[in-house]
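Chains as they are written, first to last, in the working numbering: chain A, 1 to 248; chain B, 1 to 248.
Derived from the structure by calculation, the hints contain no laboratory data. All figures in this text were calculated on a predicted structure; none of them were measured in a lab. Incorrect hints may have been included.
Stated by the list, open to error - Quick partial rundown of chain A residues pointing at chain B, CB under 10 Å, derived from the structure: (1) ARG59; (2) ALA121; (3) ALA150; (4) ILE152; (5) PRO192; (6) LYS230; (7) LEU233; (8) VAL244; (9) GLU248.
Note that the Cβ used here is the ideal one computed from N, Cα and C, for glycine as well.
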Amino acid sequence: MSGEKPVKLLDEKGIRTDGRKPNELRPLKIQVGLLKNADGSAYIELGRNKIIVAVYGPREAHPRHVVIPDRAIVRCRYHMAPFSVDERKSPGFSRREIELSKVIREALEPAIFIEEFPRTAIDIFIEVLEADGGTRTASITAASVALADAGIPLKDLVAATAIGKINGQLVIDLNGLEDQYGEGDMPIAMMPSLGQITLLQADGRFSGEEFEEGLKMAINAIKKIYRIQKEALKKRYLEISKEVLESE
Amino acid sequence: MTIYVKSKQVVIPGEPLAYGRYEYQGPIYIVRQRIYSKVIGIVEIEDKKKLILIPLKGKYMPREGDIVIGKIVDVGLTGWTVDINSPYKAVLPVSEVLSRPTDAVKLDLSKLLDIGDLIVAKILAFDYTRDPLLTIKESKLGKITKGTLVEITPVKIPRVIGKKGSMINLLKNMLHVELVIGKNGRILVVGDDPLMEAWAVMAIKKIEREAHIPGLTNRIKKFLSKVKTDKKAGLSSQGNISGVKRVK
Numbered sequence: 001m002s003g004e005k006p007v008k009l010l011d012e013k014g015i016r017t018d019g020r021k022p023n024e025l026r027p028l029k030i031q032v033g034l035l036k037n038a039d040g041s042a043y044i045e046l047g048r049n050k051i052i053v054a055v056y057g058p059r060e061a062h063p064r065h066v067v068i069p070d071r072a073i074v075r076c077r078y079h080m081a082p083f084s085v086d087e088r089k090s091p092g093f094s095r096r097e098i099e100l101s102k103v104i105r106e107a108l109e110p111a112i113f114i115e116e117f118p119r120t121a122i123d124i125f126i127e128v129l130e131a132d133g134g135t136r137t138a139s140i141t142a143a144s145v146a147l148a149d150a151g152i153p154l155k156d157l158v159a160a161t162a163i164g165k166i167n168g169q170l171v172i173d174l175n176g177l178e179d180q181y182g183e184g185d186m187p188i189a190m191m192p193s194l195g196q197i198t199l200l201q202a203d204g205r206f207s208g209e210e211f212e213e214g215l216k217m218a219i220n221a222i223k224k225i226y227r228i229q230k231e232a233l234k235k236r237y238l239e240i241s242k243e244v245l246e247s248e
Numbered sequence: 001m002t003i004y005v006k007s008k009q010v011v012i013p014g015e016p017l018a019y020g021r022y023e024y025q026g027p028i029y030i031v032r033q034r035i036y037s038k039v040i041g042i043v044e045i046e047d048k049k050k051l052i053l054i055p056l057k058g059k060y061m062p063r064e065g066d067i068v069i070g071k072i073v074d075v076g077l078t079g080w081t082v083d084i085n086s087p088y089k090a091v092l093p094v095s096e097v098l099s100r101p102t103d104a105v106k107l108d109l110s111k112l113l114d115i116g117d118l119i120v121a122k123i124l125a126f127d128y129t130r131d132p133l134l135t136i137k138e139s140k141l142g143k144i145t146k147g148t149l150v151e152i153t154p155v156k157i158p159r160v161i162g163k164k165g166s167m168i169n170l171l172k173n174m175l176h177v178e179l180v181i182g183k184n185g186r187i188l189v190v191g192d193d194p195l196m197e198a199w200a201v202m203a204i205k206k207i208e209r210e211a212h213i214p215g216l217t218n219r220i221k222k223f224l225s226k227v228k229t230d231k232k233a234g235l236s237s238q239g240n241i242s243g244v245k246r247v248k
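If we strip away everything but chain A, and leave its shape as in the complex, we get:
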């Protein structure tokens, strides 16, 4: 959040290092059901981020002592591949990865009807192949799609993005550089059609007005992300429909 700025994060016209306007998202692509072994899976590309998510369950929970008699447990593993960042990352779990696993789990759990599957486990595996800022929000976006693909009952999909501050200007969807040298970072996840927020973190300083303004920007961006999630989920079934109808 501090230190010398190597480059200007925002030029005179208010354009960011990657050529985006302050309220512009990075290009987003979501693909569903690419893993055969998993019950549900999703792949997301958000700018230079590349993340793959696999969901297993509900399935028998092991070891036995973790079982909860009246609901399912949700387990989440966020992991970064050694080659996902510029300098090789040690393949073991860092403090940051353990923390993010918990944060992501807690952002997704409110959306899942866990009480429909007593004594079972739902496992979410998140593998970051390439990272460039905002992997936690992209992971949440992809994981909720993978959960839906697994046929697990959900209140709603969860879509997430981050609000940041550079040179006193609020911007959306921080990239790696902006995350490192910007003045603030506020990841937000929500269930768009219910209007409920499941994750809100912040570091850096935001004034009351900035927070409200930022939240508005985030909700707008989340609605865009939600549309892409929706399309990705429906795409496979619509493709089969098209193929069948054309062959007739």
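Got chain A sorted already, so can you dock chain B onto it with the hints?
Just chain B, lined up with the frame of chain A:
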């Protein structure tokens, strides 16, 4: 009182289906009179009064009285552990296999049913607090000795049966095979001719893939008459079917 969706439309979790007092069936939840979907599925609207949501994916949840096809995974002293393609493993006690009283010391259970054996069983009891209890004491239940086993998504079993058994009768009449349908997504095809069995498997896989597209029974009828006249075409694509297992 408004309906937001069209009949036969693909919906995703959190998608609002209607507002007001409607009759409904399927994985739906209601917040302040607004009806939402919990899963990816197809909506059907009956005379603008009733909403039916048919899921496209999901795990099998055991229910008392269901016929299932299970695989023995463990042999104990007083019974067997059976995999029923569900988050819960099932228990088959000796008392539900033999009608005479048994002596646990003298009897070697693996001589009756061994690991890997397939059985057609009925769920005797299940209440989520304990693992489901199976029985094979009734007629038509017991060890599977011949046929081909197909595995599909359990939520699509009703499509294989069809309206009032129309689909199952179509397969039986056109291919002269017998079908044992397990509610847990496993189907046993028994026929005198291995070719007919293979065609039945292909038809079931086609039903699974195209279950969400209207006109399914007619398409399957066309498909079967086509393979029957063109025998080579039927055989060539037989190799790449997944989830199929030959018994004996």
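| message | Given A/ARG59 as an interface hint, is its Cβ closer than 10 Å to any Cβ of chain B? | response | Status holds, d = 5 Å.
| Against chain B, with CB atoms and a cut of 10 Å, does the hint on A/ALA150 hold up? | Holds. Min distance 7 Å.
| said: Next item in the hint list is A/LEU233. Is there a CB on chain B closer than 10 Å to its CB? | reply: Since the shortest Cβ distance to chain B is 5 Å, the answer is holds.
| message | Let's test the interface hint: is any C-beta of chain B closer than 10 Å to that of A/ALA121? | response | 8 Å, holds
| task | Closer than 10 Å between Cβ atoms is the bar; does A/GLU248 clear it against chain B? Give me holds or violated. | result | 8 Å, holds
| task | Grab the minimum C-beta distance from A/VAL244 to chain B and call the hint holds if it beats 10 Å, violated otherwise. | result | Holds. Min distance 5 Å.
| field | Restraint outcome when A/PRO192 is required to lie within 10 Å of chain B by C-beta distance | value | At about 8 Å, which falls below the 10 Å cut-off, the nearest Cβ of chain B leaves the hint on A/PRO192 intact, so it holds.
| query | For the hint on A/ILE152, does the least C-beta distance to chain B fall short of 10 Å? | reply | Interface hint status for A/ILE152: holds (8 Å vs cutoff 10 Å).
| said: Quick check on A/LYS230 please, does its C-beta sit within 10 Å of some C-beta on chain B? | reply: 6 Å, holds
Hint compliance for this structure: every hint is met.
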